[in-house]
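Visitor: Read off the chains here:
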Amino acid sequence: MKKRNYLDFSISKNTPYMRDVFIDEVYFAAKKNKDIYFTTPDMGAPSLDKFREEIPSQFIHSGICEQHMISMAAGLTLMNKTIFCYAMAPFITSRCYEQIKCSVAAMDRPVCLVGIGVGLGYADAGPTHYTTEDIATMRVFPNIEIVTPSDVTSMKVIIKDIIKKPRFLFLRLDRDVMSDIYNKNIKFDLKKGFTNLINGKKKCIISCGFLLNKIYQKLKISNKKDIGLIDLYKVKPINKSFLKEIKKYDEIITVEEQWTDGGFGSAVLEFLNINQISKKIKRYGLEKKYYFENGGRNYLHNKFGLNIDKIIKDI
Amino acid sequence: MSNKKFLINKSKWLRKEIFEMVVKVNQGHIASSFSQVEIVISLFYGSILRYKRNNPKYKDRDRLIISKGHSAMGIYPILADIGYFSKKELKKYGTPQGILRIYGDKSIPGIDATSGSLSQAPGIACGFCLAAKRDKKDIKSFLVLSDGEHYEGSLWESAMFASHNNLDNLICIIDRNKQIILGKDSECLNLEPLGEKWKSFGWNVHDVDGHDYDDLLYALEKSLIPNGKPTAIIANTVKGKGVSFMEDVTRWHNTMPNSSQIKIARKDLEKNTIK
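Just so you know, the sequences run in chain order D and E. At position 236 of the first sequence the residue is numbered 236 (our numbering), and the sequence of numbers has no breaks. Counting from 1 along the second sequence, just add 1000 to a position and that's the residue number in our numbering.
One or more hints might be untrue.
Stated by the list, open to error - Here are the computed lysine-lysine pairs in the DSSO-like style, where the Cα-Cα straight-line distance is at most 27 angstroms:
#: 1; chain 1: D; residue 1: K34; chain 2: E; residue 2: K1057
#: 2; chain 1: E; residue 1: K1267; chain 2: D; residue 2: K34
#: 3; chain 1: D; residue 1: K31; chain 2: E; residue 2: K1133
#: 4; chain 1: E; residue 1: K1106; chain 2: D; residue 2: K32
#: 5; chain 1: E; residue 1: K1059; chain 2: D; residue 2: K32
#: 6; chain 1: E; residue 1: K1229; chain 2: D; residue 2: K101
#: 7; chain 1: E; residue 1: K1106; chain 2: D; residue 2: K165
#: 8; chain 1: E; residue 1: K1092; chain 2: D; residue 2: K164
#: 9; chain 1: D; residue 1: K165; chain 2: E; residue 2: K1057
#: 10; chain 1: D; residue 1: K34; chain 2: E; residue 2: K1136
#: 11; chain 1: E; residue 1: K1137; chain 2: D; residue 2: K31
#: 12; chain 1: E; residue 1: K1106; chain 2: D; residue 2: K164
#: 13; chain 1: D; residue 1: K164; chain 2: E; residue 2: K1137
#: 14; chain 1: E; residue 1: K1133; chain 2: D; residue 2: K32
#: 15; chain 1: D; residue 1: K313; chain 2: D; residue 2: K218
#: 16; chain 1: D; residue 1: K31; chain 2: E; residue 2: K1106
#: 17; chain 1: E; residue 1: K1024; chain 2: D; residue 2: K34
#: 18; chain 1: E; residue 1: K1133; chain 2: D; residue 2: K34
#: 19; chain 1: D; residue 1: K101; chain 2: E; residue 2: K1106
#: 20; chain 1: D; residue 1: K165; chain 2: E; residue 2: K1229
#: 21; chain 1: E; residue 1: K1059; chain 2: D; residue 2: K165
#: 22; chain 1: D; residue 1: K32; chain 2: E; residue 2: K1229
#: 23; chain 1: E; residue 1: K1016; chain 2: D; residue 2: K34
#: 24; chain 1: E; residue 1: K1136; chain 2: D; residue 2: K236
#: 25; chain 1: E; residue 1: K1106; chain 2: E; residue 2: K1133
#: 26; chain 1: D; residue 1: K164; chain 2: E; residue 2: K1005
#: 27; chain 1: E; residue 1: K1137; chain 2: D; residue 2: K165
#: 28; chain 1: D; residue 1: K34; chain 2: E; residue 2: K1229
#: 29; chain 1: E; residue 1: K1136; chain 2: D; residue 2: K31
#: 30; chain 1: D; residue 1: K164; chain 2: E; residue 2: K1229
#: 31; chain 1: D; residue 1: K191; chain 2: D; residue 2: K101
#: 32; chain 1: E; residue 1: K1136; chain 2: D; residue 2: K164
#: 33; chain 1: D; residue 1: K165; chain 2: E; residue 2: K1136
Keep in mind that the hints were calculated from the coordinates and are not lab data.
Could you put the whole structure together from the sequences, leaning on the hints where they help?
Guide: Structure (structure tokens):
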């Protein structure tokens, strides 16, 4: 078979999709290390075609069987393989929840779960494809790490780190293309778990992923220069030094593309409670119901509680 | 002593060991552990499973998961006997001082994966077998499955995966005692025709008497010869085998015998239960 010419997403000049950069990063590492495996229950991506064609012995099509995939992944780690499981976010979390609990968490297996299209990423598909609760459901695992990158630059750092030190981690990837935040001046430090993007005075917004990116772009051109912004990309576990960062603010505003029950804002609330800090906190999230509506992601945000312009205005 | 006589003696020994462990702390599943006795004895003492005595971490060992996790405790006496941990641990089974619990978990030497939630082990074993195949290592995985696990969809996900990937190093032995908690599977939700189900998923299927060493070992030895397909051995067994009042009686799934029943059981277990 004639080899096709594939794009190298990691050096593409146009902002690529997160999933393609993610798969490319794993691909380059897997080329050098035969113990790095990639499995998916039938999720495709242009970058994955290259992986499948060039290193088929490290690719596993699990079948559209997320439950089996998770247990198999745990088995592979017990044979000293590094494994990335890649699927749509709802199906790699809720669909195989008990497998994650028993095969991965309880056995403390270094399985990396990669969920694509978190939040309302699959906006036109409806609630079957949304994850409006994945932070709440996944963060209860005591030994999990949950990371939500807000651009491809930070995501590359995360993937490299996982390859270096495989562990039980849920990587929440966005389906949409997002503009870059991180660069030479704004460094991404995975160990820290958060980045203070904008220094504020009294009030600070805390968010992650797609919404964080959206808020960042809006605050950059807003005249409200006293609102701080923190990218809390690692919501589990939250680094202790986060406390120092938010102590200076009078009011904290969390914004998440989730239902707030048990989610991102709840994690911040609990963190403050554990550290015995009393502070005014407002949590913004999606309206708590199932929506079957057309119009796209921004339309749904505006309609169901996440109108970012309004939130900024109200602060 | 012939090999068969040796195995029959091992059966008697294992049932007695399991029984005393359970009644001492009133914890465990006697009946489920008794139906699988000949299966696990065949694996460990019938030259089927590759392992090194005193070395549970031997890299190239065959893997074994008692997928029906509630009877994982049924192999603890064997694991002690082959030197995976001290025999003193058997006396501490189910106590805070001991390492042995009803359900096997990975912290126990010789337990290759935590089980207890039904039909996750087949997926884990697919991971073992696929890794071994791709690394070109002759490592097999053995699973002891229950009837009840066949109701879980994830079992069939793994069954399909194993045959598609030609995992002929995967051998599932089904402890077919035909009982689930509320009664016989045929009365609750019929599993038959079970062999045909496995066959249609692309597996080699053997139907054997699960208490007959000739029958069991014939099928197990056959399963060691790779032919591109995984193997399911349906071992027809009797739940509670060896204790007269427990045999094939549903309520003994996790009921504890009282003192007079213990006396009868001990007497029963002094006899050879199999031929």
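Visitor: Give a verdict on every hint.
Guide: Structure-based check of each hint:
1. D:K34 with E:K1057: Satisfied, since the Cα-Cα distance of roughly 23 angstroms is no more than 27 angstroms.
2. E:K1267 with D:K34: 57 angstroms, violated
3. D:K31 with E:K1133: Measuring from Cα to Cα gives roughly 19 angstroms; hence the hint holds.
4. E:K1106 with D:K32: Violated, at roughly 31 angstroms.
5. E:K1059 with D:K32: 24 angstroms, holds
6. E:K1229 with D:K101: Cα-Cα ~30 angstroms, so violated.
7. E:K1106 with D:K165: 21 angstroms, holds
8. E:K1092 with D:K164: Measuring from Cα to Cα gives roughly 41 angstroms; hence the hint is violated.
9. D:K165 with E:K1057: 23 angstroms, holds
10. D:K34 with E:K1136: 13 angstroms, holds
11. E:K1137 with D:K31: It holds: about 21 angstroms lies between the C-alpha atoms, which stays within 27 angstroms.
12. E:K1106 with D:K164: Holds, because 25 angstroms separates the two Cα atoms, which is no more than 27 angstroms.
13. D:K164 with E:K1137: The hint holds at about 25 angstroms.
14. E:K1133 with D:K32: 20 angstroms, holds
15. D:K313 with D:K218: 11 angstroms, holds
16. D:K31 with E:K1106: Answer violated: K31 of chain D to K1106 of chain E is near 31 angstroms, above 27 angstroms.
17. E:K1024 with D:K34: 49 angstroms, violated
18. E:K1133 with D:K34: OK: K1133 of chain E and K34 of chain D at ~13 angstroms, within 27 angstroms.
19. D:K101 with E:K1106: 14 angstroms, holds
20. D:K165 with E:K1229: With Cα atoms ~35 angstroms apart, K165 of chain D and K1229 of chain E exceed 27 angstroms; violated.
21. E:K1059 with D:K165: With Cα atoms ~22 angstroms apart, K1059 of chain E and K165 of chain D stay inside 27 angstroms; holds.
22. D:K32 with E:K1229: 31 angstroms, violated
23. E:K1016 with D:K34: Roughly 47 angstroms separates the two Cα atoms, so the pair is violated.
24. E:K1136 with D:K236: 38 angstroms, violated
25. E:K1106 with E:K1133: 23 angstroms, holds
26. D:K164 with E:K1005: 53 angstroms, violated
27. E:K1137 with D:K165: 25 angstroms, holds
28. D:K34 with E:K1229: 25 angstroms, holds
29. E:K1136 with D:K31: Given that 27 angstroms is the threshold and the Cα spacing comes to 18 angstroms, the pair holds.
30. D:K164 with E:K1229: 36 angstroms, violated
31. D:K191 with D:K101: With Cα atoms ~25 angstroms apart, K191 of chain D and K101 of chain D stay inside 27 angstroms; holds.
32. E:K1136 with D:K164: 25 angstroms, holds
33. D:K165 with E:K1136: 25 angstroms, holds
Checked against the numbered hints above, the structure violates hints 2, 4, 6, 8, 16, 17, 20, 22, 23, 24, 26 and 30; every other hint is satisfied.
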